[in-house]
Amino acid sequence: MQLARVIGTVVSTVKNDSLVGRKLLVVQTVDKNLQATGKPMVAVDAVGAGVGELVFWCRGKEASFPFKREDTPTDCTIVGIVDSEQHVTR
Amino acid sequence: MIIARILGTVVSTQKDERLSGKKLLIVRPINVDGTDTTGYVVAVDTVGAGFHERVLVVAGSSARLAQGMKDVPVDAAIVGVIDTVNVKDD
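Sequence order for the protein chains is A and B.
So in the numbering used here, spot 2 of the first sequence is number 2, and the numbers just go up one at a time.
In short: position in the second sequence from 1, add 90, done, that's the numbering used here.
Rather than coming from a laboratory, the hints here were simulated on the basis of the structure.
Predicted model, so just to flag it, every value in this text is computed and none were measured.
Be careful, since some hints might not be right.
What the hints assert, rightly or not - The following label-pair restraints were derived from C-beta to C-beta distances:
| no. | chain 1 | residue 1 | chain 2 | residue 2 | range |
| --- | --- | --- | --- | --- | --- |
| 1 | B | Thr128 | A | Val47 | 28 to 36 Å |
| 2 | B | Gly98 | A | Gln86 | 32 to 40 Å |
| 3 | A | Thr13 | B | Phe141 | 16 to 24 Å |
| 4 | A | Lys68 | B | Glu107 | 40 to 48 Å |
| 5 | B | Ser110 | A | Gly38 | 23 to 31 Å |
| 6 | A | Gly52 | B | Asp173 | 19 to 27 Å |
| 7 | B | Leu109 | A | Asp83 | 42 to 50 Å |
| 8 | B | Val100 | A | Asp83 | 43 to 51 Å |
| 9 | A | Gly52 | B | Gln104 | 26 to 34 Å |
| 10 | B | Asp165 | A | Lys68 | 17 to 25 Å |
Ideal Cβ placement from N, Cα and C applies to all residues, glycine included.
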């Protein structure tokens, strides 16, 4: 899992049926100092995150596990919201 | 998931039989602001995307979870056509 900041949203009308109703967010992975690192990704939201929040996301096939795991095509899913930046100790 | 732009098509006659009937497209990963990155990926289309459209590409084993891709040997699938991307300015 990776720590990331939600920096935006994506709107898609024509998409795989199993993604209908799912919120798509742009996440920017951050390092332990909460500085951006790497390229932003598009993630499916499983927890109700919003823009500006610090979250952690899961990559790979496991990303589909919060949903119907056999037919939700996602390789990047937000699975948790960090309570506050003070909760990231380093 | 990554954002990509469709740049072309691939025609293949001799291929795994489970890939027959599937549309193969050449896509290039792009940044959230729409600028190009480098490299190309061949992805299977599951939504009927068209030339030069921005799309969502799922990579890895999650690509097999897209509609009609069960047990198909793919590691990149187009699962959505992007209408808009909104990214918060820092």
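### Query
For this structure, which hints from the list above don't hold up?
2, 4, 5 and 9
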